[in-house]
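Chains A and B are the protein sequences, given in the same order.
Its first residue numbered -19, the first sequence is counted upward by one per residue in the numbering used here.
Its first residue numbered 24, the second sequence is counted upward by one per residue in the numbering used here.
Hints are computed from structural coordinates only; laboratory data are not their basis.
For clarity, every value in this text was computed on a predicted model and none was experimentally measured.
Here a beta-carbon is modelled for each residue, glycine too, at the ideal position from N, C-alpha and C.
Any given hint could turn out to be false.
Selected chain B positions facing chain A (in silico; Cβ < 8 Å) [to be verified]: (1) 45; (2) 49; (3) 76; (4) 80; (5) 98; (6) 106; (7) 157.
Sample of chain B residues at the chain A side, in silico, Cβ under 10 Å [what the hints assert, rightly or not]: (8) 33; (9) 37; (10) 46; (11) 50; (12) 86; (13) 88; (14) 89; (15) 90; (16) 91; (17) 94; (18) 99; (19) 100; (20) 102; (21) 105; (22) 109.
Computed beta-carbon distance windows for the label pairs [what the hints assert, rightly or not]: (23) A:69 <-> B:142: 58 to 64 Å; (24) B:156 <-> A:73: 56 to 62 Å; (25) B:149 <-> A:70: 48 to 54 Å.
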Amino acid sequence: MRRLTRRQRVAAIVLAVVALCFITLDLGGGALRDTHTGVRGALGSLYRGTDAVLGPARRWLQGVPSAGTNTSRIEQLRQDNARLRGRIAALESDQRTTGQLAKLQRAADGTGHQLLAARVIAYGPGQGFDWTVTLDVGTRSGVRAGQTVTDGAGLVGRVLHADSDSSVVLLAADPGSGVGVRDVRSGELGVANGQGVDGFSFLPLRPDARVRVGDQLETGPTGASSYVAGLAVGTVSAVRTSADGTVRATVTPTTSPTAVDLVAVIVDGAAGVAERAPLTPAGHR
Amino acid sequence: MTRARVAAAMAGIITALLLQATLIGPVTAPVPVCLPAVVVAAVALVDGPATGMSFGFAAGLVADLGSPHAAGILALCWLGVGLVCGKFAQRRTVRRDALWAGIVSGLASSVAALLLVLVHRGGTAADAIVYLVPAIGADVVLALGAVALLRRMLHSEPLRAPHPVFTELAVGPHRG
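Next up, chain A with everything else stripped away, as it sits in the complex (with noise of 0.2 Å):
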């Protein structure tokens, strides 16, 4: 250990004076603001330089204890996006749904037909070979084969089977079934045949007749058509006349049968019956 001279002892003990002196002076008044505001402008200068050099390293560093954190903390607002995407999509869905079912109610409201509102649980043709979908409704809710299943707007198929609880829609665009359809504008017969997403080809039942562009085809009258009359099919997109003139339309459907969602069964209407039953409401479950 060193011995301190007295001369390093005297200026020891009068640096401690001076250093209590300017604490007793900065806390008893304002006497050393100026020069506080002076040295602080000063250095904040020079701060200010200094960041400008070393700042990019002194975030580095900051950020190298939370590296971990931010990498679990950047997976939990993964995982948080998904979830809030889910519920837009849950939520717009829901908007959709409210809509149809508006549309479903309107359409038992103009046509007296007793609905039953359904909703599509599982899609055929991604499963199967056939195009169908199945309903979460079945006998117990009064659905019975060869029922007319409709979006509201159009057509969709027709009860297949059911089950308690469940039922089969073989869709009306099913390349394999064909639909008694009546062209709203001449009131000409035809069949209309499913060709899938391409929707549907209209042969008329008269080879000869008109049928033009923009022509709307429904569900023909009774007899002509296993389906309940008067829902909207399609319209026709383009026509085409062969050597020996038969007509044959291709026609959009009204109904996307990729993109059925909410659907109600006519539940008063009979297999290859379409009754005119009396008008009632819709009885939505």
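Go by the hints and put chain B onto chain A.
For chain B alone, coordinates are given in the frame of chain A:
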């Protein structure tokens, strides 16, 4: 004291304060690691108590005036750092000096924190105690570099002390 030593001392104070404010302080918060105190300790360990005291007082006063708290608190604490390190300097290995510098500057930081609590300038006495050991540890790490660097600088020809420090002479007891 030569002009070169004065200029070097001023440059050392400013550099230490700038590094403390823009790099060391933000990175090590809330542990009160203090580079200027470590530099004061390292200078005192090389040049003795006289240089240590004056360097510590000057550095502390500049730091005080650049801070919102009352001037004189850091000047008093770092004066103590210079005095203690200069008095107890053994000029042994860099590691031992760094350990000593870290301990003294860490203790000085805690004392400064307690003084600031006393003058009602933020912080708590509990913080000063809780962070004492981490502050000493970090100060020792800083001192490893600072002591080695300052030893080399202060032993260079332009910055060497003009006269040998009197207390460095090992005077043994006279034998009859």
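Okay, the hints, checked on the actual structure:
For residue 45 of chain B, the interface hint holds, the least distance from its beta-carbon to any beta-carbon of chain A being 5 Å, beneath 8 Å. For the restraint placing residue 49 of chain B at the interface with chain A, the shortest Cβ-Cβ distance is roughly 6 Å, inside the 8 Å limit, so the hint holds. For the restraint placing residue 76 of chain B at the interface with chain A, the shortest Cβ-Cβ distance is roughly 6 Å, inside the 8 Å limit, so the hint holds. A distance limit of 8 Å between C-beta atoms decides the matter here; for residue 80 of chain B the minimum to chain A is near 5 Å, and the interface restraint holds.
Contact between residue 98 of chain B and chain A, as hinted, is supported at the beta carbon level, the nearest pair being about 4 Å apart and thus within 8 Å. Interface hint at residue 106 of chain B: satisfied, since its Cβ lies 5 Å from the closest Cβ of chain A, which is below the 8 Å cut-off. Contact between residue 157 of chain B and chain A, as hinted, is not supported at the beta carbon level, the nearest pair being about 13 Å apart and thus beyond 8 Å. Interface hint status for residue 33 of chain B: violated, as the beta-carbon distance to the closest one in chain A is roughly 13 Å, over 10 Å.
Hint on residue 37 of chain B holds. Least Cβ distance to chain A is approximately 7 Å, under the 10 Å limit. Checking residue 46 of chain B against chain A by beta carbon gives a least distance of about 5 Å; that is within 10 Å, so the hint holds. Hint status for residue 50 of chain B: holds, given a least beta-carbon distance of 5 Å to chain A, under 10 Å. The restraint placing residue 86 of chain B at the interface with chain A holds, with a minimum CB-CB distance near 9 Å, inside the 10 Å limit.
The criterion of a C-beta within 10 Å of any C-beta in chain A is met by residue 88 of chain B, whose closest approach is roughly 4 Å, and the hint holds. The interface hint given for residue 89 of chain B holds, since its Cβ lies 4 Å from the closest Cβ of chain A, which is under the 10 Å cut-off. For the restraint placing residue 90 of chain B at the interface with chain A, the shortest Cβ-Cβ distance is roughly 8 Å, inside the 10 Å limit, so the hint holds. Interface hint at residue 91 of chain B: satisfied, since its Cβ lies 8 Å from the closest Cβ of chain A, which is below the 10 Å cut-off.
At a threshold of 10 Å, the smallest CB-CB gap from residue 94 of chain B to chain A is about 4 Å, leaving the interface hint in force. For residue 99 of chain B, the shortest C-beta to C-beta distance to chain A is roughly 4 Å, which falls under 10 Å, so the interface hint holds. Interface restraint check for residue 100 of chain B: the shortest CB-CB distance to chain A comes to about 9 Å, inside 10 Å, so the restraint holds. Because the smallest distance between the Cβ of residue 102 of chain B and any Cβ of chain A comes to about 5 Å, under 10 Å, the interface hint for this residue holds.
Annotation: residue 105 of chain B was flagged as interfacial toward chain A, and the flag holds, the nearest CB pair being 9 Å apart, inside 10 Å. With 10 Å as the threshold, the beta carbon of residue 109 of chain B comes within range of chain A, its nearest partner Cβ sitting at about 7 Å, so the hint holds. With their beta carbons about 60 Å apart, residue 69 of chain A and residue 142 of chain B fall inside the hinted range of 58 to 64 Å. Checked against the hint of 56 to 62 Å, the pair residue 156 of chain B and residue 73 of chain A passes, with Cβ atoms roughly 59 Å apart.
With their beta carbons about 50 Å apart, residue 149 of chain B and residue 70 of chain A fall inside the hinted range of 48 to 54 Å.
Going down the numbered hints, you'll see the structure goes against 7 and 8, while the others check out.
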